[in-house]
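Enquirer: Put the complex together from the two separate chains, hints included.
As you go down the protein sequences, you meet chains A and B in turn.
In terms of my numbering, the first sequence has 335 at position 335, counting the first letter as 1, and numbering is strictly consecutive.
In terms of my numbering, the second sequence has 467 at position 61, counting the first letter as 1, and numbering is strictly consecutive.
Please note that a few of the clues may not be correct.
[As the list claims (entries may be wrong)] Below, computed lysine-lysine pairings styled on DSS-like, alpha-carbon distance capped at 27 Å:
id: 1; chain 1: B; residue 1: Lys-529; chain 2: B; residue 2: Lys-547
id: 2; chain 1: A; residue 1: Lys-393; chain 2: A; residue 2: Lys-370
id: 3; chain 1: A; residue 1: Lys-194; chain 2: A; residue 2: Lys-48
id: 4; chain 1: B; residue 1: Lys-421; chain 2: A; residue 2: Lys-393
id: 5; chain 1: B; residue 1: Lys-547; chain 2: A; residue 2: Lys-17
id: 6; chain 1: B; residue 1: Lys-522; chain 2: B; residue 2: Lys-599
id: 7; chain 1: B; residue 1: Lys-529; chain 2: B; residue 2: Lys-599
id: 8; chain 1: B; residue 1: Lys-599; chain 2: B; residue 2: Lys-584
id: 9; chain 1: B; residue 1: Lys-528; chain 2: A; residue 2: Lys-17
To be clear, the hints were calculated from the coordinates, so they are not data collected in a lab.
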Amino acid sequence: MYFLIESLRTAYYSLSKHRLRAILTTLGIVIGITTIITIVSLIDGLKKTVTGEFSQLGTNVLYVSKYPWISHGKWYVYRKRKAITMEEVNAIQERCPSAAYVVPIVDAYTEVKYGSRKLEAIEITGTNEFYPQVNGAYPEQGRFFSASEVNHKQRVCVLGWGVYNNLFDHGEDPLGKWIRVSGIKVRIIGVLQKRGSVFGESRDNMVLVPIDTFQKHYGRRINITIQVMPYNPEQLEQLEDETVIALRQVRRLHSWEEDDFSINSQDVLLQEFKRTTKALFAAMVAISALSLLVGGIGIMNIMLISVTERTREIGIRKAIGAKRGHILLQFLIEVLILCWVGCLIGASLGFGLAGFISAVTPLPSAISVKAGFLGLIFSSSVALFFGIYPAGKAANLNPIEALHYE
Amino acid sequence: MNHLIELSKINRIYKLGELSVHALRDFDFTIDEGEYLAIMGPSGSGKSTLLNILGLLDQPTSGDYFFNGQNVTTFTESRLANFRNQQVGFIFQTFNLLPRTNALHNVELPLIYGRKPLSLRKKLAREALDAVGLSDRLHHKPNELSGGQRQRVAIARAIVNEPQIILADEPTGNLDSKTGAEIMEIIDNIHHKGNTVVLITHEEYIAEHANRIVTLLDGRIKSDTRLK
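Only chain B is shown next, with the shape it has when bound in the complex (with noise of 0.2 Å):
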């Protein structure tokens, strides 16, 4: 069966002067469509490594990495960007809006980038706020906004293209337990909605979230364990 991401032999090292770190070492992985995919491990065992290549913010030194079945791992610089701007989601830990600007426009973001026009843009984002029901805050600014509500505009900008992927670094580590919950239950609706989902957690409670956690522990996997 085909996979919506094959990961191949895929090798990451950062040369930090005199020193190399081999963030992962010849993974090879695959994530289904559908997928609700947790990632545990210590810190250093090459979580975030993992998912800024699954989101092309960061190439591979050495492996091929295919999505739909197309070697992404040789696509341009502008290429690389249309692909995070339609297929990928990213949700931060650090929410990362743009300050002095308006939840509204945050979320109209990815859509400028991907050239929609104006009228749609202001629709799409609109129910993308709707979405994660923050339509009474349209026009607040992230300093005008509290944490929880910060990561649910991040969300609906995650959401608004309709990607294929959603990547999730921590998202609740910034948030108190019940904030979180509130995250989590959003994140589980989108996976639902049958959107796949990969989430970096140090949680236990948020992995069980996933129907897929996997453990990785010095680049390499650990466990990969099933749910229900």
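The shape of chain A in the complex, shown without the other chains (with noise of 0.2 Å):
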């Protein structure tokens, strides 16, 4: 393929020869890409944080809830629901073989003192002994309280790594030492390791207290989430049957009633996530597209003018030999390198403007292969779609015309 190098070769004279115009003509290209680069940069990083902190809500956990977690808007129905309890704990616990942890879980916000040390607004949470297990938090110093302590409702506590942090000085050993939750005294037998945060919300500045020392406090009656964990991932489908029926049947629903409960996942908010962004990202795709169509437009213009304008010199190529084939190909690359310049500094803007809004702002960004890549083939099939007709036109160019043309 010699006459490819040639090509490239005559590509390379004829763009340079006219700069700005070449410049002026990948404008709408380099638009274009920017755009898509942009947007597809902006929406993979921010992919890529939601789906890592859904993760965090451990993949492999069911949730059992009064509320579903994607509720479109219908809360009235919702709130006649009765309150998960213990009882439905105790179900799970019983009737579902394939549950290998069943961890409920209750909050309250109060305030935490510790001598004259007071914190306002600290999560309380009223769990049992395989909280650990379930959430991947486990005790940095000290230990989790056991199934005894849970059962014997003592008065004991782990804290958050962020509660220990504002409590005690640097150094200060918390353990054995008494904290007051809302004016119970409890006793501090462990510190959780450093978790970060979820959603913008942390999840060290938590004190855990065994269940039923918090429901001794604060009553049985305050609705109850329920993590339920299975043996290994591939049983979670049936786990869930499981769920659903020991609760149906600890709950006495006939069967024509509709659960009065929600079982939720991480799956199901990544679902959702990915359903919304799609629409998202589809729409800004559209939107790029269009601009490209514009910028291939011009390009088809442009090209216009560039085979009038060498009209003789096809005649010439034509008369020492060149085939219809060698003048199409030689347009097209000249088409091709126009809208890979174009797609090159476009991805370069876009790359740099992603980075540039995720510096400014809270967004994340990613760079992603794919993105490029988007951006190469979209400007491609346009620059080949926009190509075709001028570079045909100079192909099929009579060969005597084509030399005295003038």
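Expert: Structure, rendered in structure tokens:
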């Protein structure tokens, strides 16, 4: 393919001769690609972050609760549901053979005091001894509370990493110390390792107490969320079925009645998120495609001018033996180069812009190879689509007329 | 005997809107290998049309054209292009070099379309430029060369693929008489080396370089004279 190199060479000459024109021509492509790359980078970054946060919820855990996570605005229906209590927790424990861990979780926000130090709005969580296994939160100091401490309503607690750091001086041993949680004295037996935050909410500003201790103080009517985890991930669906049956039995639902509880998982959230971003993504790509279309029309316009200007050159080439295919290829390569240069500039601008946006706003971004490829394929298709007509026109010129063109 | 070129009942009619121009009428003509032929005649007599048809840039409206016994009127576009590339060398009045492209590359162009490998291409192009006395102007672009030098580049381009026939359309028409004489000397040399040369000219003294002069009038042969 010697004429391939020849075509590259001519393309280079012809583009560098009309540098300003080439830049203006490719501007449409540059803008289109910049938009695509920026948007895809931002959406990908968001996706990555959100997916990461979702997976912190545990990919392998079912959340049984009164409200579904995605409610589609029907709150008035769910509000009438019965609260979930320890009765349901026990039912799942007894009747679901696939359940490895069943962990009740109940929350309240209150103040925590140690000596003269006081923290406001700390999350108090009542739970059982399996909390560490299901949530991947293990003590850094001391230990977690045991089954017997849960059953005997012991006044013990495990501090979140943040609470410990705010209540105690650095290096101070918290174990065995007593703190006041909304007035009740509890003894510290452990401190959890740092866990970071999910959806902007810190998971280190919490105090964990045995659920019975919690209920003894706050009452037994407070709605519980139950975490259920199977022995292995493949059993998740089976576990969900078992849980539904167990709950329907314990709540004495008739076969015609709908479930009056919801089983959530991070997968549901992920699906919902993917559904929304997919629509967003499609809309954005459509908008960018429009600007590429405009760019393509610009390219076609300039290529038609270029073919007319170079009619004589085409005649010369044909006279010394260039075939139709050679001329076609020469102009297509020129159009592709124009487009790839635009694509390259657009991609650099797009990644730069995405990086800039994520630097000055909380939006994350990710440089994705996918975005680059998408841009390349899009712009190449545009170039070929809009370049084929001018190139074909050049290829089909009559050699004599072309040679005598003034 | 077999002729290199044999035209039989060639007609070429151009349609210009309502008007149709009969450029060649029932044209019968032969050229033998090694001939040096000058075509003369007033404007509109069909000289250029004949040359374009001989060089396969144009196709006759009717009639047959045999080149080395092959009927080229049946060729496809791609075969015609190959034929122009391999068998024909064109020299034009206006040189028709690619602008912004140096002499060496202009001469290489037919070799590129003829798919010759790079190293051979460079060698053949240099040899061709050497043959026309331009070995010191390889990297000059057409606008850096004089008219005579440009025509020499064009001649080098015409001979680089060692075609069977050289077709020259008023090769000295744009040159002063001294430079024109130098160019004719080069063309004479090409003929001496055994090439068939067909030359269009308006000038008697240029035509006298040939060994056969054909005069056209209104698309027909008016006279066909062999010299020497």
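Enquirer: Hints first: check each against the structure and report whether it holds.
Expert: Each hint tested on the structure:
no. : hint                   : result
1   : Lys-529/B to Lys-547/B : holds (19 Å)
2   : Lys-393/A to Lys-370/A : violated (35 Å)
3   : Lys-194/A to Lys-48/A  : holds (22 Å)
4   : Lys-421/B to Lys-393/A : holds (21 Å)
5   : Lys-547/B to Lys-17/A  : holds (15 Å)
6   : Lys-522/B to Lys-599/B : holds (23 Å)
7   : Lys-529/B to Lys-599/B : holds (20 Å)
8   : Lys-599/B to Lys-584/B : holds (23 Å)
9   : Lys-528/B to Lys-17/A  : holds (25 Å)
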